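Assemble chains B and C onto chain A, guided by the hints.
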Amino acid sequence: MAVPVSAVQRRPRRRRQLFPYALVAPALVVLAFMLGYPLVRLGVLSVQRFGLEQQFGAPPDWVGLEHYRTILTDDYFWDVLWRTLAFCFVNVALTIVLGLLVALLLQMLGRKMRLAVSIALMLAWAMPPLSATIVWQWMFDAQYGLVNWLLTTLGIGDYQGHSWLSTPLSFFSVATIIVVWMGIPFVAFTLYAGLTQVPRELVEAASIDGAGPWDRFRAITLPIIKPVLTIVTALSILWDFRVFTQIYVLQQAGGISRDTNLLGVYAYRVAIGETRFDLGAAIAVVMVLISLLLTFVYLRQMARQEELA
Amino acid sequence: MKLKSMAALGLAGALALGACGGDDDDSSSGDDTTATTAAQAAATEAPSEEAATLRLWLNGEDIPDEVVQSAIAEFETAHPGVTVEFERQQWDGIVERLTTALSSDDSPDVVELGNTQAQTFEAAGALVDLSAHKDAMGGDELVQSLVESGTYDGTFYAAPLYGGARIVVYRKDLFEQAGLEIPTTIDEFIQAGVALKEANASTPNFSGIYFPGRNWHATLSFIWENGGDIAVQEGDEWVGELSSPESVAGLEQVQQIMTEANGAPPDSDDANDYIAFCNGEVGMLLGPGWKAGQIAAECPEMEANIGAFALPGTEPGTTAPVFLGGSNIGVSANSDHPDLAIELVKVITGESFQTELAGLGLLPVRTSLLDLVGGDEPKDAQAAAAQNSRFVPSSENWAAVEGANILQDMGVAIAQGADVAAEAQAAEEAILGHLNG
Amino acid sequence: MNTVLVEPAPLRGPTDRARAAIEAAALGRRRRRHRAVLVNGAGVLLLFVFGFPVYWMVLTSFRRSVDIQSVDPSLLPIPGTLDNYRSVFDRDFFFTALRNSLIVTLVTVALALAIGFLAAVAVSRYRFRGRTSFIISVLVLQLVPAEALIISLFKVLDGWSLINTILGLTLTYLVFVLPFTIWTLRGFIANVPRELEEAALVDGASRLTAFRRVTLPLVAPGLVATGVFAFILAWNEFIFALVIMNRPQNQTLPVWLQAFNDGARGTDWGGVMAGSTLIAIPVVIFFLIVQRRIVAGLTAGAVKG
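Chains as they are written, first to last, in this note's numbering: chain A, 1 to 309; chain B, 1 to 437; chain C, 1 to 305.
Chain A on its own, in the form it takes in the complex (with noise of 0.2 Å):
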């Protein structure tokens, strides 16, 4: 890396102005060939007739927006795109609120204390998705499930042999418990350390002209930690929204799929479990569309800040 670096110096005007893309080069060319690429055809099969037999190289036909107005007009896309929007409020919501509080107990710990919940946090974290699932899974088992068990012998109700996952708003809840788990540790840890930039001063002289706790998080807490607020937030949605590895191992388990299905598992049954690559590709043209509006926001508040930058 040295030689570019100290060589751009003495280059004329012009090479210098060839740096930068030089140094993009690597990122652009990996990413135009194996994202853009691949978007691209996804694009143009959703607009194409692609089945498992243009997979093994029969020529495809084009069918312009057909499979679009298929889905569109489908009423059961309908259902599993408000059911995915639900999902997604109310978990993106939980996430950032617990998160944010547990990010507020870890600054108030001990230091003992912070070390062992942060551990703890991490091991949730870095448990692979598809353990974290089947732990989870086997916990709410109907025959054998820890939380049964526990129901039945505290004597709260005869849980024994209940399935958690059998009508649609159980599956949900336990989906939603799975979810939320796996994604505070993220969120807690990057507000915790947006809440390190905080000036103590600044708080301490607030509380005591007696502003209370709300008054101080309110006015003082909030505004600082809020571009990153606003960034977990923007990829909790981006990650609930397109929620993929914990319904499908949840639907293996128990439950009834039709009832059960969000966007992201729904475009891959239709892509791969009925060989249709080409009205699952249009699905997820929609999801992408349907992402880009969700965090319309966020993404004008970067493209501002980058006019300004």
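By construction, these hints were calculated from the structure, which means they are not laboratory data. Given the structure is predicted, the values throughout are model-derived calculations rather than measurements. Ideal placement from N, C-alpha and C gives every residue a C-beta, glycine not left out. Don't take every hint at face value.
[What the hints assert, rightly or not] Distance windows between CB atoms, simulated:
{"no.": "1", "chain 1": "C", "residue 1": "Leu75", "chain 2": "B", "residue 2": "Val239", "range": "54 to 60 Å"}
{"no.": "2", "chain 1": "C", "residue 1": "Thr209", "chain 2": "A", "residue 2": "Ala303", "range": "34 to 40 Å"}
{"no.": "3", "chain 1": "C", "residue 1": "Ala220", "chain 2": "A", "residue 2": "Trp78", "range": "44 to 50 Å"}
{"no.": "4", "chain 1": "B", "residue 1": "Glu301", "chain 2": "C", "residue 2": "Ala220", "range": "58 to 64 Å"}
[Said to hold, decoys possible] Pulled from the structure, derived: some chain A residues nowhere near chain C, Cβ distances all over 12 Å:
{"no.": "5", "residue": "Val47"}
{"no.": "6", "residue": "Glu66"}
{"no.": "7", "residue": "Leu85"}
{"no.": "8", "residue": "Ala93"}
{"no.": "9", "residue": "Gly157"}
[As the list claims (entries may be wrong)] Within a straight-line C-alpha distance of at most 20 Å, the following computed DMTMM-like cross-link-like pairs (lysine to aspartate or glutamate) qualify:
{"no.": "10", "chain 1": "B", "residue 1": "Lys346", "chain 2": "B", "residue 2": "Glu85"}
{"no.": "11", "chain 1": "B", "residue 1": "Lys346", "chain 2": "B", "residue 2": "Glu141"}
{"no.": "12", "chain 1": "B", "residue 1": "Lys172", "chain 2": "B", "residue 2": "Glu377"}
{"no.": "13", "chain 1": "B", "residue 1": "Lys134", "chain 2": "B", "residue 2": "Asp339"}
{"no.": "14", "chain 1": "C", "residue 1": "Lys155", "chain 2": "A", "residue 2": "Glu53"}
{"no.": "15", "chain 1": "B", "residue 1": "Lys346", "chain 2": "B", "residue 2": "Glu356"}
{"no.": "16", "chain 1": "B", "residue 1": "Lys172", "chain 2": "B", "residue 2": "Glu303"}
{"no.": "17", "chain 1": "B", "residue 1": "Lys346", "chain 2": "B", "residue 2": "Glu87"}
{"no.": "18", "chain 1": "B", "residue 1": "Lys346", "chain 2": "B", "residue 2": "Asp140"}
{"no.": "19", "chain 1": "B", "residue 1": "Lys172", "chain 2": "B", "residue 2": "Asp376"}
{"no.": "20", "chain 1": "B", "residue 1": "Lys346", "chain 2": "B", "residue 2": "Asp135"}
{"no.": "21", "chain 1": "C", "residue 1": "Lys155", "chain 2": "A", "residue 2": "Asp61"}
{"no.": "22", "chain 1": "B", "residue 1": "Lys134", "chain 2": "B", "residue 2": "Glu148"}
{"no.": "23", "chain 1": "C", "residue 1": "Lys155", "chain 2": "B", "residue 2": "Asp105"}
{"no.": "24", "chain 1": "C", "residue 1": "Lys155", "chain 2": "B", "residue 2": "Glu96"}
{"no.": "25", "chain 1": "B", "residue 1": "Lys134", "chain 2": "B", "residue 2": "Asp153"}
{"no.": "26", "chain 1": "C", "residue 1": "Lys155", "chain 2": "B", "residue 2": "Asp336"}
{"no.": "27", "chain 1": "C", "residue 1": "Lys155", "chain 2": "B", "residue 2": "Asp106"}
Structure of chains B and C alone, referenced to chain A:
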């Protein structure tokens, strides 16, 4: 200068990485010794072959390594210079792998396909036409329903590999305690299940008949026995039969079992039934032929109490039709050595390999070998059940029906006490949407 | 950060203020003890909520299968067994899968940091045509659901004969971590005052020395944070590994683990939990090593200037 050397370093790194992942390719293509042996062999023997490596995919744990290796040894002796790489695959995720791998340049040569998935790949042109070799692979001797799943549009693409018929596995001691005899009709079967559940009410989770909602393979038996079906083909169209009075009558029997004799969760499948059996929570269960062996392996102390029989029909002395599970085996259209691969398929469908399968409790695909299946209760039961076996609608779109979990969802709803006719109607519409789509 | 939004308190005399402070301190001591109990109680609750499922996984991995699937679960591994771990080590290809996972993960992390860093330097230190569109596209690329790209990405890799190669899988993971990496590092580099670097240069240091002495230490937390992100993604990823590495000797650990979860024959819970525990250990170790830096790293990038 320095830049150049850096680039060279990077390239070397990339090469090293490539080698790490694909070192087996290198040994197969660049191995001089095998090439020379092959050349010598070609000079001395009649069948002349180049050095080649075949990739063989078999799925799941049904066929143990030793049996596969002995078949490979047989093949390799007959074809000097050819190496077979056996790659065991998992059933979970196999559709993803077949969809991608078969279409790639680095395709496996010989692949196993579940019999309900096979036609999807045949229709897509993923496999080599085996029609000319059908006779050498068993011909008219082959079990008909597996030939059907291996055939698309009149062309034979995938040879039958093995079959499996569903049987009833039961607890002898519990039958004795409850004073029950082996049921001779399907009604007696249901009554026995209800009676067992009542007799063992003190055992938590107890099932007279273990019948979770997703066990759609077992559900099919009741639909068929009552004269119903999923769908039938009339011309180019599939016509729904699932909502017919006959099918609904069968589904009502299933609902009765699920609500009165079953203790399994309504929304689970039958994969872990052997654990429940070992825990003493099961009187009877409907499972594949190898289920009894799986139970005995998990809890040997239970072995003496394991019995089996074929699901009886409506009339005494008959058996109910059962779903014939199993696999087909085909040659990838992207294989570099299709002729060799076809020879390998011939070995696997050949008599010695199939005889070994019979010993494992799987159904061999040659009817002449079916008599070999037997010797203990589960094997006898399977042989009896196999006499009256049937298959799902024979369509390249059937895999999509399974992919969408339609029958599983219907079963769960029925187990939860939903209206049978309405659920059958809804499932039928969804199924026809795929079959005629 | 210098815009403080506290409204100025009404002016009071200096003595008032001191008295208020003393009162507050006395009141505070009592409250503080109260609060300490509450805070630590909440801490213990958190420990339990996040630690227990992990404990349950490890516990299950040491139990016999008859005890795992029993109606009365016990909270201790008695009677325990090492059979599950034995079956993990005995199962074919465990060590090759471990090796594959380690190589893919480490190469992904190294490449992501190197390529991401260069791009981040470009966008935060230089103004060039197309810069804004580059940044916006990097952002938007994060919106694409990965599962939807399997078929297309496989075709790309197949065209380059990269199926069943470590390089192919690494490139795949790279595209999913690069956007995050570039984005985060960009914030860090922007935070390093240019004057600092220039001062070092004036002192006669070469560009490289200036970079190593001044820039790198300041950017290090960002490298750690993005490194962790890339590590977790590559170490745990399942679906792409499933289709790209389709030979048993090429599979990575998460795909290898799937063999314990055979659809038709049921799940070997003890094996799955033992495997999961083993898979989690390297991540935990990695975490503990870089633990101090993660927290600092995560935000600094996001909060610019």
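Evaluated hints:
In this structure the supplied range 54 to 60 Å holds for Leu75(C) paired with Val239(B), their Cβ-Cβ distance being about 57 Å. For the hinted restraint 34 to 40 Å between Thr209(C) and Ala303(A), the CB-CB distance of approximately 36 Å keeps it satisfied. The supplied range of 44 to 50 Å is met by Ala220(C) and Trp78(A), whose beta-carbon atoms lie about 48 Å from each other. Judged by the Cβ atoms, the range 58 to 64 Å given for Glu301(B) and Ala220(C) holds: they are separated by roughly 60 Å.
Non-interface status of Val47(A) relative to chain C is upheld: no Cβ of that chain comes within 12 Å, the nearest being about 14 Å off. Every CB of chain C is more than 12 Å from the CB of Glu66(A) (nearest about 19 Å), matching its label as outside the interface. Remark: the non-interface label on Leu85(A) is consistent with the geometry, its nearest Cβ contact in chain C lying 15 Å away (cut-off 12 Å). The claim that Ala93(A) lies off the interface holds: its Cβ sits roughly 18 Å from the closest Cβ of chain C, which is beyond the 12 Å cut-off.
Under the 12 Å C-beta cut-off, the non-interface status given to Gly157(A) relative to chain C holds; the minimum distance is some 16 Å. Restraint check for Lys346(B) and Glu85(B): the C-alpha separation of about 17 Å stays at or below 20 Å, so the hint holds. Restraint check for Lys346(B) and Glu141(B): the C-alpha separation of about 14 Å stays at or below 20 Å, so the hint holds. Proposed proximity of Lys172(B) and Glu377(B) is supported: the alpha carbons are some 12 Å apart, at most 20 Å.
About 14 Å separates the Cα atoms of Lys134(B) and Asp339(B), which keeps this hinted pair within 20 Å; it holds. Taking the CA atoms of Lys155(C) and Glu53(A), the gap is about 15 Å. The hint holds against a cut of 20 Å. Our distance criterion of 20 Å between C-alpha atoms is met by Lys346(B) and Glu356(B), whose separation comes to about 15 Å. For a cut-off of 20 Å, the pair hint linking Lys172(B) to Glu303(B) stands: about 10 Å separates their Cα positions.
Restraint check for Lys346(B) and Glu87(B): satisfied, since their Cα atoms lie roughly 18 Å apart, inside the 20 Å limit. The hinted pair formed by Lys346(B) and Asp140(B) meets the criterion: a straight-line CA distance of about 15 Å does not exceed 20 Å. Taking the CA atoms of Lys172(B) and Asp376(B), the gap is about 14 Å. The hint holds against a cut of 20 Å. Restraint check for Lys346(B) and Asp135(B): satisfied, since their Cα atoms lie roughly 10 Å apart, inside the 20 Å limit.
For the hint linking Lys155(C) to Asp61(A), the alpha-carbon distance of about 19 Å falls within 20 Å, and the restraint holds. In summary, the hint linking Lys134(B) to Glu148(B) is supported, as the alpha carbons are separated by about 13 Å, within the 20 Å threshold. Annotation: proposed proximity of Lys155(C) to Asp105(B) holds, straight-line Cα distance about 10 Å (limit 20 Å). With a C-alpha separation of about 13 Å, the suggested pair Lys155(C) and Glu96(B) falls inside the 20 Å cut-off, and the hint holds.
Between Lys134(B) and Asp153(B) the CA atoms are separated by roughly 15 Å; this keeps the pair inside 20 Å, and the hint holds. For the given pair, Lys155(C) sits about 19 Å from Asp336(B) by alpha-carbon distance, which is consistent with the 20 Å threshold. Taking the CA atoms of Lys155(C) and Asp106(B), the gap is near 12 Å; set against the 20 Å cutoff, the hint holds.
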